[in-house]
Amino acid sequence: MTTRTSAIAATLLTAAVAFTLAACSSSGSGTETPAAETPSATATAPALEGSITVFAAASLKGTFTELADEFEAANPGTTIELNFAGSSDLVTQITEGAPADVFASADEKNMAKLTDAGLIDAAAPVDFATNVLEIAVPPTNPAGIASFADLAKPEVKTVICAAQVPCGAATVTVEQATGVTLTPVSEESSVTDVLGKVTSGEADAGLVYVTDVIAAGDAVEGIEFPESGEAVNTYPIAPITASKSAKLAQAFVDFVTGSVGQGVLADAGFGKR
Amino acid sequence: MPSRRRPAYAGVPGWVVVVAVVGAAFVVLPLVAMVTRVNWAEFVPLITSESSVDALWLSLRTSLTATALCVLLGVPMAVVLARTDFWGQKILRSLVLLPLVLPPVVGGIALLYTFGRRGLLGQSFEALGVTIAFSTTAVVLAQTFVALPFLVLSLEGALRTVGTRYEAVGATLGARPTTVLRRITLPLVLPALVSGAVLSFARALGEFGATLTFAGSLQGVTRTLPLEIYLQRETDPDAAVALSLVLVVVAVIVVAVAHQAGESNGFRRRASS
Numbered sequence: 001m002t003t004r005t006s007a008i009a010a011t012l013l014t015a016a017v018a019f020t021l022a023a024c025s026s027s028g029s030g031t032e033t034p035a036a037e038t039p040s041a042t043a044t045a046p047a048l049e050g051s052i053t054v055f056a057a058a059s060l061k062g063t064f065t066e067l068a069d070e071f072e073a074a075n076p077g078t079t080i081e082l083n084f085a086g087s088s089d090l091v092t093q094i095t096e097g098a099p100a101d102v103f104a105s106a107d108e109k110n111m112a113k114l115t116d117a118g119l120i121d122a123a124a125p126v127d128f129a130t131n132v133l134e135i136a137v138p139p140t141n142p143a144g145i146a147s148f149a150d151l152a153k154p155e156v157k158t159v160i161c162a163a164q165v166p167c168g169a170a171t172v173t174v175e176q177a178t179g180v181t182l183t184p185v186s187e188e189s190s191v192t193d194v195l196g197k198v199t200s201g202e203a204d205a206g207l208v209y210v211t212d213v214i215a216a217g218d219a220v221e222g223i224e225f226p227e228s229g230e231a232v233n234t235y236p237i238a239p240i241t242a243s244k245s246a247k248l249a250q251a252f253v254d255f256v257t258g259s260v261g262q263g264v265l266a267d268a269g270f271g272k273r
Numbered sequence: 274m275p276s277r278r279r280p281a282y283a284g285v286p287g288w289v290v291v292v293a294v295v296g297a298a299f300v301v302l303p304l305v306a307m308v309t310r311v312n313w314a315e316f317v318p319l320i321t322s323e324s325s326v327d328a329l330w331l332s333l334r335t336s337l338t339a340t341a342l343c344v345l346l347g348v349p350m351a352v353v354l355a356r357t358d359f360w361g362q363k364i365l366r367s368l369v370l371l372p373l374v375l376p377p378v379v380g381g382i383a384l385l386y387t388f389g390r391r392g393l394l395g396q397s398f399e400a401l402g403v404t405i406a407f408s409t410t411a412v413v414l415a416q417t418f419v420a421l422p423f424l425v426l427s428l429e430g431a432l433r434t435v436g437t438r439y440e441a442v443g444a445t446l447g448a449r450p451t452t453v454l455r456r457i458t459l460p461l462v463l464p465a466l467v468s469g470a471v472l473s474f475a476r477a478l479g480e481f482g483a484t485l486t487f488a489g490s491l492q493g494v495t496r497t498l499p500l501e502i503y504l505q506r507e508t509d510p511d512a513a514v515a516l517s518l519v520l521v522v523v524a525v526i527v528v529a530v531a532h533q534a535g536e537s538n539g540f541r542r543r544a545s546s
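If you read the sequences in order, they're chains A and B. Mapped onto this note's numbering, the consecutive letters of the first sequence carry residue numbers 1 to 273. Mapped onto this note's numbering, the consecutive letters of the second sequence carry residue numbers 274 to 546.
The reader is advised that the hints may include incorrect statements.
Said to hold, decoys possible - Residues from chain A that face chain B, not an exhaustive set, calculated with beta carbons under 7 Å: (1) S88; (2) A162; (3) Q164; (4) V165; (5) V185; (6) S186; (7) E187; (8) E188; (9) S189; (10) S200; (11) G201; (12) E202.
Said to hold, decoys possible - Covered stretches of chain B, as calculated for chain A (at least 3 residues, CB under 8 Å): (13) 389-402; (14) 494-505.
Stated by the list, open to error - With beta-carbon atoms standing in for the labels, derived distance ranges: (15) A:V172 <-> B:P460: 50 to 58 Å; (16) A:V172 <-> B:G361: 50 to 58 Å; (17) B:A297 <-> A:E155: 49 to 57 Å; (18) A:G263 <-> B:D511: 36 to 44 Å; (19) A:A152 <-> B:P460: 53 to 61 Å; (20) B:V374 <-> A:A219: 24 to 32 Å; (21) A:A152 <-> B:A297: 49 to 57 Å; (22) B:W288 <-> A:D69: 43 to 51 Å; (23) A:E155 <-> B:V295: 52 to 60 Å; (24) B:L333 <-> A:P154: 28 to 36 Å; (25) A:T95 <-> B:E315: 18 to 26 Å; (26) B:V317 <-> A:E70: 49 to 57 Å.
Source of the hints: derived by calculation from the structure; they are not laboratory data. We put the CB at the ideal spot given by N, CA and C, even for glycine.
Excised from the complex, chain A in its bound form (with noise of 0.2 Å):
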């Protein structure tokens, strides 16, 4: 009885573990690229074919999940794998050997670390997109929030991103440019986790994306605030220099920051660069 007890036990524990474990690892897999070479294709058609893998910033997951859509159908015979997670951390993985052949950044810093390391051409980058601040705030906008000073006012409740991570470089700059010193509940890592506090209610406002609170729907209303042109993100993208698809991987930039690409980028609330 007591041996089957501890036996529930240990299986418990083994199972927590491995599940702790697998919920950890989790993140930034699934980069797999299939090997979709179809021999049948390639016969007759000229045009591109195979697959490449698309490394993106998170903020890019509408759009280039759309995109990539768009690629394949105006291109049979491609297969575009995306993988989207934070521009540090891509460009973590790239360095690492992850099989990326095209990375899309969600600023100039992080493209900057790969030509230096010379992972890619320096002449490559071409920016594709805009994006600047904007308040968030949760439905009915219970603080009743206007403008940006209004944000540093002490009984609002107001969730922004760290320093250390792109949108909360840009809040640096905008506070730097307004005055305005913000005294925020908490500093998140990411868009996501800053979305999330204001989503649910736990903070009055947010400082995110103009993208991010179109892609948000109606969980948040957005305020924008005239302060946000200070600190304008440029979003790079390149081609990988090691790609063995450099053709493909050419053909989807161009197809990036062609007319298609451009306008789902707008629809989805990126400025023209």
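Dock chain B against the given chain A, drawing on the hints supplied.
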């Protein structure tokens, strides 16, 4: 007549040893890999920076508080589960142990809907003027939630193993239930209580997902060591690795203490039988 000498033990099959070595390497190698990345020249400045010290101090304080809460709530839970018999007990036990197998983020979301501003209990707390969101209290709650099952599990197992013989004798000699609990039951399972508490402490110290979801991240208030490591990784991988090493060292010490307590538990059990 069987020989007095014990039959020579055949020994562990070679293949078992080989697999065991592979398993051990799987656990140890990543730790070694991490140590090789530590920037030793900068190690002391990195772990003694203000944000690092704040994070370590906060982690130790909240983990200790959470452990105390685990003991306070967990001992009665273990006693009830081990010594009573009632309808639905098995279901209750499974539910109580649920945080063991639940991804921590899920725990964080559940806590948010309970203690959050718009949560089940949060609104009542708010009416009393107590705000839990974004406070150190929220960190302690998150840690207690995930660590409690470890204490209940190890203590309940020990209670079942020691049996009720001594308690029954004590009761026939006229001791009241509380006296039996205090003078007989708890001293018998003290080693298991200690090792259970140490395990809870370790789990609380490593807690990340629930804290991030439920409590937020602010230096000195809610940003514990795991959250600080996660954030530092964005800009300063050296600091992240150095802090990770600190966490590993603390964890190793904790495991050693738990093991020690477990050993003495074993001795005691053998001596009493």
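Going down the list of hints, with the structure as the test:
For A:S88, the interface hint holds, the least distance from its beta-carbon to any beta-carbon of chain B being 5 Å, beneath 7 Å. Because the smallest distance between the Cβ of A:A162 and any Cβ of chain B comes to about 5 Å, under 7 Å, the interface hint for this residue holds. At its closest, the beta carbon of A:Q164 sits 4 Å from a beta carbon of chain B; the interface hint therefore holds under the 7 Å criterion. Interface hint at A:V165: satisfied, since its Cβ lies 5 Å from the closest Cβ of chain B, which is below the 7 Å cut-off.
Proximity of A:V185 to chain B holds as hinted, the smallest CB-CB distance being about 4 Å (cut-off 7 Å). A distance limit of 7 Å between C-beta atoms decides the matter here; for A:S186 the minimum to chain B is near 3 Å, and the interface restraint holds. With a cut of 7 Å, the hint placing A:E187 at the interface with chain B holds, because the nearest CB-to-CB distance is about 6 Å. With 7 Å as the threshold, the beta carbon of A:E188 comes within range of chain B, its nearest partner Cβ sitting at about 6 Å, so the hint holds.
Below 7 Å, beta-carbon pairs count as interface contacts, and A:S189 has one with chain B at about 5 Å; its hint therefore holds. Evaluation of the A:S200 hint against chain B yields a held restraint, the C-beta minimum of about 6 Å falling below 7 Å. Because the smallest distance between the Cβ of A:G201 and any Cβ of chain B comes to about 5 Å, under 7 Å, the interface hint for this residue holds. Interface hint status for A:E202: upheld, as the beta-carbon distance to the closest one in chain B is roughly 5 Å, under 7 Å.
With 3 residues having a beta carbon nearer than 8 Å to a beta carbon of chain A, the region 389-402 of chain B meets the requirement of three or more and the stated coverage holds. Counting residues of the region 494-505 of chain B whose CB lies closer than 8 Å to any CB of chain A gives 6, which reaches the minimum of 3, so the coverage claim holds. Evaluation of the 50 to 58 Å hint for A:V172 and B:P460 yields a pass: the beta carbon distance comes to about 57 Å. A beta carbon spacing of about 54 Å between A:V172 and B:G361 agrees with the range 50 to 58 Å that was offered as a hint.
About 55 Å separates the C-beta atoms of B:A297 and A:E155, a value consistent with the hinted range of 49 to 57 Å. Taking 36 to 44 Å as the suggested C-beta distance range, the pair A:G263 and B:D511 conforms, at roughly 43 Å. One distance hint, 53 to 61 Å for the beta-carbon pair A:A152 and B:P460, holds here, with the actual separation near 57 Å. About 29 Å separates the C-beta atoms of B:V374 and A:A219, a value consistent with the hinted range of 24 to 32 Å.
One distance hint, 49 to 57 Å for the beta-carbon pair A:A152 and B:A297, holds here, with the actual separation near 54 Å. For B:W288 and A:D69, the hinted distance range of 43 to 51 Å is satisfied, since their beta carbons lie about 49 Å from each other. Look at A:E155 against B:V295: about 58 Å separates their beta carbons, and that is inside 52 to 60 Å. In this structure the hint that B:L333 and A:P154 lie 28 to 36 Å apart at CB holds, the actual value being about 30 Å.
The hinted range of 18 to 26 Å is satisfied by A:T95 and B:E315, whose Cβ atoms lie roughly 20 Å apart. For the hinted restraint 49 to 57 Å between B:V317 and A:E70, the CB-CB distance of approximately 53 Å keeps it satisfied.
In this structure, every one of the numbered hints holds.
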